[in-house]
Amino acid sequence: MESINNISLPALAASLASPDRSEIECEVLRLFEEFRNPLLRYALSFGISVHDAEEVIQEVFLALFLHLQSDKSRKNLRGWLFRVAHNQALRKRTTLQQVQTTSFDWMEAHMQADPSPNPEERLFADQRTQRLVAVLRVLPETDQYCLRLRAEGLRYREIASVLGMSLGAVSISLTRSLGRLLRADRS
Amino acid sequence: MLHENSHPTDQELLLAADGELSARSARVVRTHLSACWHCRARMSELEAAIVDFVRVHRQALDAELPPIGRSRAQLSARLSDLAAKPEANSVRAFFHFASMRYPTAYVCFGLLSASLLLAMLTGQSLRSILSIHAPRVVATTVEDRVEPNPKLTPGATRPVSMQDVCAVPHEEVVVDVPEVLREKILREYGIAEKRENDFEIDFLIAPRLGGTEDPQNLWPEPYASSIWNARVKDDLEERLHEMVCSREVSLKTAQNDISADWIGAYKKYFNTDRPVSINTRVGVNSLDWQSSKQNHFAKLWLSRLKIPKKIGA
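Taken in order, these protein sequences are the chains called A and B. When you line the first sequence up against numbering that gives the first Met the number 0, it's residues 0 to 186, in that order. When you line the second sequence up against numbering that gives the first Met the number 0, it's residues 0 to 312, in that order.
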């Protein structure tokens, strides 16, 4: 994640002031390698299929190419990528008119696949995970977005810009969600 | 033994863990944590909840991610297609067009330049013609920067609900102004590089009152201001925040008053002609002032935590 910050360095930005297209293509592909998985996880969390989520990510990076080609700001490219992915994934979900499910719904179906050495440990871990998933599923959608974006390494400022919220609202949302997880774990 | 209220809230603990507090606030939390097992235990619980969430998040999704190879190849092919299309950037296209083939383009460009020059000579600024956001450099002295230049810093707000404003406790999520923005503000105010350390970039309308991190809401505040300094302004922000949340003053009024003339607003809301803080000292140098600001912060923090006065004194 460090390298995204380096991109915004004025010196580098100046040296890329008018890069040719092959340079931009290389840069986009490099960013794709760095951010494809975090973005794909985020897109999948909108409850769209893997195929659709992959398509969303392709659109995001094509948009990035145009963005860089028109010499637009390279500041906070990570936030930019997640913002575009968020909007595209929402649009995709609306277009497909899918039943709104979240990753935590199909999480339940995958829990059986988690191998643990000891049957008791496994039972305990599964019960705990079930409790957490039950809490996560009923969180307001914005709270889920905040948690996921934070889990992907975004700072509060970036999360605020992706979701169009204030920094204070991001902070409150994260605290509230973690508090709920804590209480679920204790119960 | 500290009163229960003296412990940081969960929100403050999380902000501290996430590195989102200012250096000063983070220091206060660190100091508190080193003294308080109770809060350390709460911090560990919060961290454990984070670990749980990350585990569930990754466990659910990582298994679903196809290998990157095919999608990278697909993107590469699409990028090549896209790059083969005409360039979108019209400005660069113009220069490309001008330099390659058409002498008329030079003529157009020359005419445009000449008309701009003429306009400048006749007193109309380049900025007004092209709507270019040129640096707003103006000459000012330290003393008249006690209040920001209203042309450069009229104040800017974002739409916020009362819940947003009032749910944030006294020491709000700290927004450290990025270095690039700091440079921009200092340049606009015409502050020489060697004097940069004499100023901090402050919000005119504080974020906790709905102010934004916008150049129009930021100005370089001198550390060395003797009477109407940043510490006094902090007091005003705190006062207004309390009044807004207790519905004594509307948020809009608070924003308007503080952006129009914060010193006037201070006099109005504290009903005084001079800062009321007992710690206000006339003629402090910048070093004294910074340490007094830290003391002030500690004082505010402690007062919020409702620690007996002698501890905070």
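Worth flagging that the hints you see were computed from the coordinates, not collected in a lab. Quick caveat: nothing in here was measured; it's all calculated off a predicted structure. Heads up, a few of these hints could be off.
[Said to hold, decoys possible] DEER-style ranges, computed between Cβ atoms:
| id | chain 1 | residue 1 | chain 2 | residue 2 | range |
| --- | --- | --- | --- | --- | --- |
| 1 | B | Lys150 | A | Glu32 | 41 to 49 Å |
| 2 | B | Glu241 | A | Ser48 | 46 to 54 Å |
| 3 | B | Ser160 | A | Asp70 | 32 to 40 Å |
| 4 | B | Lys266 | A | Asp19 | 53 to 61 Å |
| 5 | B | Gln58 | A | Ser69 | 34 to 42 Å |
| 6 | B | Ala34 | A | Asn36 | 48 to 56 Å |
[As the list claims (entries may be wrong)] Here's a subset of chain B near chain A, in silico, CB distances under 8 Å, partners left out:
| id | residue |
| --- | --- |
| 7 | Gln10 |
| 8 | Leu14 |
| 9 | Ala40 |
| 10 | Glu44 |
| 11 | Val50 |
| 12 | Phe52 |
| 13 | Val55 |
| 14 | Glu63 |
| 15 | Ser70 |
| 16 | Ala72 |
| 17 | Ser75 |
| 18 | Met161 |
| 19 | Asp163 |
| 20 | Lys266 |
All C-beta atoms, glycine included, are put in the ideal place defined by N, C-alpha and C.
Legend entry - Those earlier numbered hints the structure runs against, lowest number first: Checked against the structure, the hints that fail are numbers 6, 9, 11, 16, 18, 20, while the rest are satisfied.
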